[in-house]
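Sequences listed follow chains A and B, in order. Going by the working numbering, the final residue of the first sequence carries number 277, and the count climbs one at a time with no gaps. Going by the working numbering, the final residue of the second sequence carries number 277, and the count climbs one at a time with no gaps.
It is worth saying that the hints were derived from the structure and are not from the lab. Heads up, a few of these hints could be off.
DSSO-like mimics (lysine-lysine), calculated; alpha carbons at most 30 Å apart, straight line [stated by the list, open to error]:
hint	chain 1	residue 1	chain 2	residue 2
1	B	169	A	271
2	A	178	A	157
3	A	82	B	217
4	A	208	B	217
5	B	178	A	265
6	A	271	B	170
7	A	178	A	49
8	B	271	A	275
There are 2 protein chains.
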Amino acid sequence: MMRILLTNDDGIRAKGLSALYEAIKEIAEVIVVAPETEQSAVGHAITLSDPLRVKELKNNDGPFGYAVNGTPADCVKIAIKAIMEMPPNLIISGINLGPNMGTDVIYSGTISAATEGTILGITSFAISLDTFKDPDFSYAASFAKKLALVVMEKGLPCGTSLNVNIPAVPEDKIRGVGITRQGKSRFVEDFDKRVDPRNHVYYWQTGKVITEDVDVGADRVAVNNNMVSITPIQCDLTDYKSLEELKREMKGL
Amino acid sequence: MMRILLTNDDGIRAKGLSALYEAIKEIAEVIVVAPETEQSAVGHAITLSDPLRVKELKNNDGPFGYAVNGTPADCVKIAIKAIMEMPPNLIISGINLGPNMGTDVIYSGTISAATEGTILGITSFAISLDTFKDPDFSYAASFAKKLALVVMEKGLPCGTSLNVNIPAVPEDKIRGVGITRQGKSRFVEDFDKRVDPRNHVYYWQTGKVITEDVDVGADRVAVNNNMVSITPIQCDLTDYKSLEELKREMKGL
Numbered sequence: 025m026m027r028i029l030l031t032n033d034d035g036i037r038a039k040g041l042s043a044l045y046e047a048i049k050e051i052a053e054v055i056v057v058a059p060e061t062e063q064s065a066v067g068h069a070i071t072l073s074d075p076l077r078v079k080e081l082k083n084n085d086g087p088f089g090y091a092v093n094g095t096p097a098d099c100v101k102i103a104i105k106a107i108m109e110m111p112p113n114l115i116i117s118g119i120n121l122g123p124n125m126g127t128d129v130i131y132s133g134t135i136s137a138a139t140e141g142t143i144l145g146i147t148s149f150a151i152s153l154d155t156f157k158d159p160d161f162s163y164a165a166s167f168a169k170k171l172a173l174v175v176m177e178k179g180l181p182c183g184t185s186l187n188v189n190i191p192a193v194p195e196d197k198i199r200g201v202g203i204t205r206q207g208k209s210r211f212v213e214d215f216d217k218r219v220d221p222r223n224h225v226y227y228w229q230t231g232k233v234i235t236e237d238v239d240v241g242a243d244r245v246a247v248n249n250n251m252v253s254i255t256p257i258q259c260d261l262t263d264y265k266s267l268e269e270l271k272r273e274m275k276g277l
Numbered sequence: 025m026m027r028i029l030l031t032n033d034d035g036i037r038a039k040g041l042s043a044l045y046e047a048i049k050e051i052a053e054v055i056v057v058a059p060e061t062e063q064s065a066v067g068h069a070i071t072l073s074d075p076l077r078v079k080e081l082k083n084n085d086g087p088f089g090y091a092v093n094g095t096p097a098d099c100v101k102i103a104i105k106a107i108m109e110m111p112p113n114l115i116i117s118g119i120n121l122g123p124n125m126g127t128d129v130i131y132s133g134t135i136s137a138a139t140e141g142t143i144l145g146i147t148s149f150a151i152s153l154d155t156f157k158d159p160d161f162s163y164a165a166s167f168a169k170k171l172a173l174v175v176m177e178k179g180l181p182c183g184t185s186l187n188v189n190i191p192a193v194p195e196d197k198i199r200g201v202g203i204t205r206q207g208k209s210r211f212v213e214d215f216d217k218r219v220d221p222r223n224h225v226y227y228w229q230t231g232k233v234i235t236e237d238v239d240v241g242a243d244r245v246a247v248n249n250n251m252v253s254i255t256p257i258q259c260d261l262t263d264y265k266s267l268e269e270l271k272r273e274m275k276g277l
């Protein structure tokens, strides 16, 4: 039987993880290794200077999984290197409460868990629901199950993981699946300056997302058009198109 | 006069930052905004659920800079949006104690500060010294100064920042500068399982770096050959070469 590892960045008690668990246990042996607490916007952090602890958790049906006092990337590493006896056939990270698209994917713990799985040689995808409130994870969970069967059968290109974003609309409004690129939408931050009761200044980081893309080849535009967006992602940050130009520009150094 | 923002992930008290400060203040007005504490391996994390605080620090010569209880990416954002009256002409992140090359750049707070600067439209580079012990930052600092002058004069391609790694050898052993790609060297982790005095199990994440590359076009190989490595990096994670293949594979969904 197939073994699928589930993780997330919203924490092991998150409803999106539980919806994913219910759907995936119909097709595979499931192990959950997820952060004990919410780890949103941790990016690809790993924990080197603090000890990691693993707690077994139960729900009404018995053992549910393992909670780790670390980041999503820590969870994937410790699951494979210390908790599981055999590596999983697939890793799914999610279902995230809120989208992971455009430039913001570099801040995402959800994405980093999938990237980490791929670095460790295991087929992996991340899945996110494009809403922050009143989430209905049911379509996203059934899509995750369908996609899990496809990628376990066909595999993924070496070094590639998938970043899946689901529109927050009823299933009958979904207009298909688009294979997209990471668009240029990004979080434009602002700092809300306040004074605490002891008269010390502090700041809340806030902001809003702006989108510059217009074609459905970009992740955000596809989702805004009620399409499921699937972006293949990798972790080589080299800007190949600038290599030759830089060789000329940097000659004097 | 040019304004240069300095930050790092080793914390505002780190010697690499201080060496950078001494070199850069010879060519520009310098502002330091850096994490209050060490933030290594935080990846591209940002702080949304806790308030950020900014403390002004002095050294013997007077004001030295601002310490922030956040990550390197937080420091860059808050410097530009809340601390500085005008944005800087250049951002330099470093000098990091230890290399940032290969797949490990995705875990690096040093790199994320430079990437964040580029996202905000400011020319940025990260600089790291390839050693963890007995660091001599003097050559790295003078190289940073030289590079700062070049990139302020010529600029960088839009969306591109530079990841610079300096061999930890005396200056007369340096064999030039290579424009490189992010190689495939990576941290292979291991978990050291221990029992604490209260009989609870905990783990230390350890590991070693393995290198698969052999040509000096790869960052790690260039530095092992005593060359300064400069890799142009960007933040679009899309795996473009897999897009068409995936469109075929995912047709059934």
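Results for each hint:
In summary, the hint linking residue 169 (chain B) to residue 271 (chain A) is supported, as the alpha carbons are separated by about 19 Å, within the 30 Å threshold. For the hint linking residue 178 (chain A) to residue 157 (chain A), the alpha-carbon distance of about 34 Å lies beyond 30 Å, and the restraint is violated. Restraint check for residue 82 (chain A) and residue 217 (chain B): the C-alpha separation of about 23 Å stays at or below 30 Å, so the hint holds. For a cut-off of 30 Å, the pair hint linking residue 208 (chain A) to residue 217 (chain B) is broken: about 43 Å separates their Cα positions.
Distance check on the hinted pair: residue 178 (chain B) and residue 265 (chain A) sit about 17 Å apart at the alpha-carbon level, within 30 Å; holds. Among the hinted pairs, residue 271 (chain A) with residue 170 (chain B) is consistent with the structure: their alpha-carbon atoms are about 16 Å apart, no more than 30 Å. Restraint check for residue 178 (chain A) and residue 49 (chain A): satisfied, since their Cα atoms lie roughly 20 Å apart, inside the 30 Å limit. For a cut-off of 30 Å, the pair hint linking residue 271 (chain B) to residue 275 (chain A) is broken: about 41 Å separates their Cα positions.
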